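Asker: In case you want the letters, here they are:
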Amino acid sequence: MSETFVLDGQEIPFAPGQTIIQAASAAGVYIPRLCYHPEFKPHGSCKLCTVKVNGRHTASCTFKAAPGLQVESNTEDLNAERRTLVQMLFVEGNHFCPSCEKSGDCQLQATAYELGMMSPHFDHFFPDRPVDASHPELLLDFNRCILCSLCVRASRDVDKKNVFALAGRGIDSHLIVNAASGRLADTNVALEDKAVQVCPVGVILKKRQGFKVPIGQRTYDEVPISGHVPAPAALTEEI
Amino acid sequence: MSFDLETAEHPEKLRRVAIDPVSRVEGHGKVTLLLDDQNKVHQVRLHIVEFRGFERFIQGRPYWEVPVMVQRLCGICPVSHHLAAAKALDRVLGIKKLTPTAEKIRRLMHYGQMLQSHALHFFHLSSPDLLFGFDSDVARRNIVGVAGKYPEIAKKGVLLRKFGQEVIRHTAGKRVHGTGAIPGGVNKSLSRAERDELLQDIYQIVAWSREAVHLAMELHTSNPALYNSFGIFRSSMMSIVGNNGDLDFYHGSLRARDDNGGILFDGVDYQGYNDILEEEVKPWSYMKFPYIKSLGKERGWYKVGPLARVQNCNQIPTPLAEAERREFVDYAGGTPMHAPLAYHWTRMIELLHAAEVIKDLLHDDDILGAELMTEGVRQQEGVGVIEAPRGTLFHHYQVDENDLITMCNLIVSTTHNNQAMNEAVRHVARRYLHGKEITEGLLNHIEVAIRAFDPCLSCATHALGKMPLEVELVDVEGRPLDRLAKNGDGSFCASLAD
Chain A
1 MSETFVLDGQ EIPFAPGQTI IQAASAAGVY IPRLCYHPEF KPHGSCKLCT VKVNGRHTAS
61 CTFKAAPGLQ VESNTEDLNA ERRTLVQMLF VEGNHFCPSC EKSGDCQLQA TAYELGMMSP
121 HFDHFFPDRP VDASHPELLL DFNRCILCSL CVRASRDVDK KNVFALAGRG IDSHLIVNAA
181 SGRLADTNVA LEDKAVQVCP VGVILKKRQG FKVPIGQRTY DEVPISGHVP APAALTEEI
Chain B
1 MSFDLETAEH PEKLRRVAID PVSRVEGHGK VTLLLDDQNK VHQVRLHIVE FRGFERFIQG
61 RPYWEVPVMV QRLCGICPVS HHLAAAKALD RVLGIKKLTP TAEKIRRLMH YGQMLQSHAL
121 HFFHLSSPDL LFGFDSDVAR RNIVGVAGKY PEIAKKGVLL RKFGQEVIRH TAGKRVHGTG
181 AIPGGVNKSL SRAERDELLQ DIYQIVAWSR EAVHLAMELH TSNPALYNSF GIFRSSMMSI
241 VGNNGDLDFY HGSLRARDDN GGILFDGVDY QGYNDILEEE VKPWSYMKFP YIKSLGKERG
301 WYKVGPLARV QNCNQIPTPL AEAERREFVD YAGGTPMHAP LAYHWTRMIE LLHAAEVIKD
361 LLHDDDILGA ELMTEGVRQQ EGVGVIEAPR GTLFHHYQVD ENDLITMCNL IVSTTHNNQA
421 MNEAVRHVAR RYLHGKEITE GLLNHIEVAI RAFDPCLSCA THALGKMPLE VELVDVEGRP
481 LDRLAKNGDG SFCASLAD
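For the protein sequence lines, the chains are A and B, in the order given. All residue numbers for the first sequence refer to the numbering used here, where the first residue is 1 and numbers rise by one. All residue numbers for the second sequence refer to the numbering used here, where the first residue is 1 and numbers rise by one.
Be careful, since some hints might not be right.
To be verified - Here are the computed lysine-lysine pairs in the DSS-like style, where the Cα-Cα straight-line distance is at most 30 Å:
| hint | chain 1 | residue 1 | chain 2 | residue 2 |
| --- | --- | --- | --- | --- |
| 1 | B | Lys-436 | A | Lys-212 |
| 2 | B | Lys-96 | A | Lys-206 |
| 3 | A | Lys-194 | A | Lys-41 |
| 4 | B | Lys-96 | A | Lys-207 |
| 5 | B | Lys-96 | B | Lys-293 |
| 6 | B | Lys-436 | A | Lys-207 |
| 7 | A | Lys-206 | A | Lys-161 |
| 8 | B | Lys-174 | A | Lys-212 |
| 9 | B | Lys-162 | A | Lys-212 |
| 10 | A | Lys-212 | B | Lys-359 |
| 11 | A | Lys-207 | B | Lys-174 |
| 12 | B | Lys-96 | A | Lys-212 |
| 13 | B | Lys-174 | B | Lys-96 |
| 14 | B | Lys-436 | B | Lys-40 |
| 15 | A | Lys-52 | A | Lys-161 |
| 16 | A | Lys-64 | A | Lys-160 |
| 17 | A | Lys-206 | B | Lys-174 |
| 18 | B | Lys-40 | B | Lys-30 |
| 19 | B | Lys-162 | B | Lys-174 |
| 20 | B | Lys-13 | B | Lys-282 |
| 21 | A | Lys-207 | A | Lys-160 |
| 22 | B | Lys-97 | A | Lys-206 |
As the list claims (entries may be wrong) - Where chain A lies over chain B, by a calculated footprint (3+ residues, C-beta under 8 Å):
| hint | stretch |
| --- | --- |
| 23 | 67 to 73 |
| 24 | 401 to 411 |
If you are wondering where the hints come from, they were derived from the structure by calculation, not from laboratory data. Quick caveat, the model's predicted, so the values are computed rather than measured. Note that CB positions come from ideal geometry on N, CA and C, so glycine has one too.
Let the hints inform the model, and build the full structure from the sequences given.
Answerer: Below is the structure:
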C-alpha cells in the first residue's frame, strides 16, 4: 500500500521520490504548468504549478510528495494568481492568437482558457523580435517565447547539441541559438530533434505546415488542457 | 486634378457640416459638406479611414500565416480576404490549378460568404430605407422596425444570412475567421453529415433568394422616378468574368466596359494588374483613388460590385439567376444601368446565383473528396483576385527565399468605388440639399447613396445600429452654432441652443 497526501481534499498516492505534480498527474489530477514536462528535469521557473503545501506557497514540480501533506491547488486564490502570471506572459511577448498557427495546439492559450483569462489586463510591451527564418525547414518566432527552457533542456539533455540557451537576466532574458552568426541555419539542429518537438507555444515551428489541421481537430478544440494530463515518465525517476 | 464639388474655391467663408460617422455601413467613414449662407453646397467629400497598416506589418511574416492573418481586416467578408490571399500564395507555390476538391470547397466557402454578406446588406442595412422611405421616422428606420412591420421579410433575411454562415462554418471551421484555405489547397473537405445538414435547407434558401430578387425588383420598378435617377452618374465598370464571360465570383480574367457598355479591356490576366490600374492619393482621404491607366485620372475611374458584375458578364451560369439578369437587362433597355439604387436589385440577383451555386456544389461528390493539396515549383511573387461581395479584391505578395513576406499590396473593393461613391454623394447633395434647411432626413439621403455601394469603410466590425451620428454647424471661426446628435440607442440630443 503506497503512502498518500491530500490534494484539494482528495487522497493522492505517491511513490518515493515523486514530486507533487508527478503524483497528481499519475492520479489524473491536473495542476496548471508551462515549464514542467514529464520527460525533463523540472525547472521551477514559470510558477504556474504553485500550490499551497501546509499553507505555504511552493512549486509542485519541485516539491517532493510526503505522507500527510495538505496541498491546495484548485482554489480561487491560487487560480487568480496563476491567471495573473499568464496575463504577464501574454503582454511580455507578442501573442496574437488570431493569426498564430499554434492556436488550438498552444499550451499558453489553452492554459489561459483553463484559468478563465478574459483579457491581458496589463499594458502590452509589444517587443520588437524579428523572426529567424534562416533554416530551410524550421522557423523560429521569438515573439511567442515564454522562456520555459524546454528546448534548452531537450537540446542539452536529449539531443546533446546545446542548440538553444537563455541569455540575459530578468526582464532582458531571451532565447538565443548557439551559433556565431546567431542564426538557426548555422547550428546543427535537425527536424527530428527533441528540442524541435517540445515547444509548448509557437516558437519552434516546422515550416510550411501552418493551419493544415482544421479547426475542430486541434489538440485543445474539444478537450481542455486539464483533460490532457501527461503521465509521469518514470515514477521513481531521480529528481 | 479635382472633380466638380470636390474642392471649394474659398472654403474659409463656408460653414462645415459633417456626417460622422456614416451609419448602417461596414466600418467608419464621414461626409463633410461646405455650405454658404444660403445653404448652397460648394464642396462634398466622403472621407474614409481604411486599412490599418496590414500591408506593412504582414512584412517579415511567414507566407503560410497570411491567409489567416489578413482576413482579420474585416468581420463581414473575411472569407474574401482569406481566399484572395490563398490564391495569391498558390501562385507563389507555382500552382495554377488546385485539386477538384480544394477548388470546390473554396468555391463553396466563397459563395456562402456572398450569400451571407448580400443578405446582411439588403435586409439588415438597406431595407429600412427602401421599405419605409429615406426620410421616414428615424426611430423606426432600422432592422427592428422592419421586423415589426414586415416580420416575414426580416425573418427570411436573418435566416438567409445564417445559412451562408453555416456554409462558411462547415468549410472553414468557424462562421467568422476560420482557417479552411491554405496555400496549395484546403485543410478539410465536407463530411457526408455536414453536406446533408446543408442540403436540408438549400431548396428553401434558393426559394427565399428568388423572393428577395422580386422584392428588390418591385421596389425599383414601382418607383422609377426615384430609383433610376437617385445619385446617378455614369462611369466605366470593372470585374472579373469566368469562362465564356460567365459571372464568376471565385476566378476569371479582368474585364472593363465604358459607360456605354463598350469593352475597354477583356481577358486580362490579373497577374499583370499593375499594367492597367494605377492608384492616386488625395490629401483629404486615407483611401486611394484607383483608375484605369490608359484613360487617365480624370476619365479612368470606374465602379465595381454587383451592378458592374451583373452587367459585365455575358450570362449567369445558373438558370434562375440568369432569368432575373435578363429581366434586369430588359428593364435597363439594352444600355448599361448606372443608377446606384440598382445595386440593390443586382445584389439580390447575385444572392440568388450564390444560392444556386451552393445547391449545385452540395450535389457534387468532389466536395467530399480526400485530395486536398497540390504542389508546384516555388516562385517569388503572386497575385490573387476574387470578386468579394463589394467588388473586385486584389492581393499581391512577394516572398523571399526564407519564406517571409517582403511586399504586400491590397486593393479592396471599396477602394475601387471611392470616386464613384463621391460622385453619387455629390449628386444627391446637389439635388436634395442645395439651398435647403438641413434635417436628419435630408442627411440620410446622403447615407442612402453611400449604402447602395455596400461599402466596407474600414473593414472592421462594429455593433450594428449602435453607431452614433453627430452633425455640427460651425461658423468661420470654428465656433459651434448648432448641433444635432443621434445616440447609440437612436434617440436625438437637442441642439446646443436648447
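Asker: Now, for every hint given, state plainly whether the structure supports it.
Answerer: Cross-check of the supplied hints:
Our distance criterion of 30 Å between C-alpha atoms is broken by Lys-436 of chain B and Lys-212 of chain A, whose separation comes to about 60 Å. With a C-alpha separation of about 25 Å, the suggested pair Lys-96 of chain B and Lys-206 of chain A falls inside the 30 Å cut-off, and the hint holds. Taken as a hint, the Lys-194 of chain A and Lys-41 of chain A pair is honoured in the structure, with Cα atoms around 14 Å apart against an allowance of 30 Å. Using a Cα cut-off of 30 Å, the hinted pair Lys-96 of chain B and Lys-207 of chain A holds, with the two alpha carbons roughly 22 Å apart.
For a cut-off of 30 Å, the pair hint linking Lys-96 of chain B to Lys-293 of chain B stands: about 27 Å separates their Cα positions. With a C-alpha separation of about 63 Å, the suggested pair Lys-436 of chain B and Lys-207 of chain A falls outside the 30 Å cut-off, and the hint is violated. A C-alpha spacing of about 19 Å is found between Lys-206 of chain A and Lys-161 of chain A, which places the hinted pair at or below 30 Å, so the restraint holds. For the suggested pair Lys-174 of chain B and Lys-212 of chain A, the alpha carbons sit about 15 Å apart, so the restraint of at most 30 Å is met.
Between Lys-162 of chain B and Lys-212 of chain A, the direct Cα distance comes to roughly 27 Å. Compliance with the 30 Å bound is thereby established for this hinted pair. A C-alpha spacing of about 27 Å is found between Lys-212 of chain A and Lys-359 of chain B, which places the hinted pair at or below 30 Å, so the restraint holds. Between Lys-207 of chain A and Lys-174 of chain B, the direct Cα distance comes to roughly 24 Å. Compliance with the 30 Å bound is thereby established for this hinted pair. With a CA separation close to 20 Å, the supplied pair Lys-96 of chain B and Lys-212 of chain A stays within the 30 Å bound.
The straight-line distance between the Cα atoms of Lys-174 of chain B and Lys-96 of chain B is roughly 27 Å, inside the 30 Å bound, and the hint therefore holds. The suggested pairing of Lys-436 of chain B with Lys-40 of chain B holds, with an alpha-carbon distance near 8 Å, which does not exceed 30 Å. This hinted pair does not check out: Lys-52 of chain A and Lys-161 of chain A have alpha carbons roughly 37 Å apart, beyond 30 Å. Between Lys-64 of chain A and Lys-160 of chain A the alpha-carbon distance is near 28 Å, which keeps this suggested pair within the 30 Å criterion.
For the hint linking Lys-206 of chain A to Lys-174 of chain B, the alpha-carbon distance of about 25 Å falls within 30 Å, and the restraint holds. Using a Cα cut-off of 30 Å, the hinted pair Lys-40 of chain B and Lys-30 of chain B holds, with the two alpha carbons roughly 20 Å apart. Simply put, Lys-162 of chain B and Lys-174 of chain B have alpha-carbon atoms about 13 Å apart, close enough for the 30 Å limit, and the pair holds. Proximity of Lys-13 of chain B to Lys-282 of chain B is assessed by CA-CA distance (about 23 Å); at most 30 Å being required, the pair is judged to hold.
For the proposed pair Lys-207 of chain A and Lys-160 of chain A, the alpha carbon gap of about 23 Å is at most 30 Å, so the pair holds. Between Lys-97 of chain B and Lys-206 of chain A the alpha-carbon distance is near 25 Å, which keeps this suggested pair within the 30 Å criterion. Check on the stretch 67 to 73 of chain B: 4 of its residues sit with their Cβ under 8 Å from a Cβ of chain A, so the three-residue criterion for coverage holds. Restraint check on the stretch 401 to 411 of chain B versus chain A: 3 residues with Cβ-Cβ distances below 8 Å, three needed, restraint holds.
When each numbered hint is compared with the structure, violations occur for hints 1, 6 and 15.
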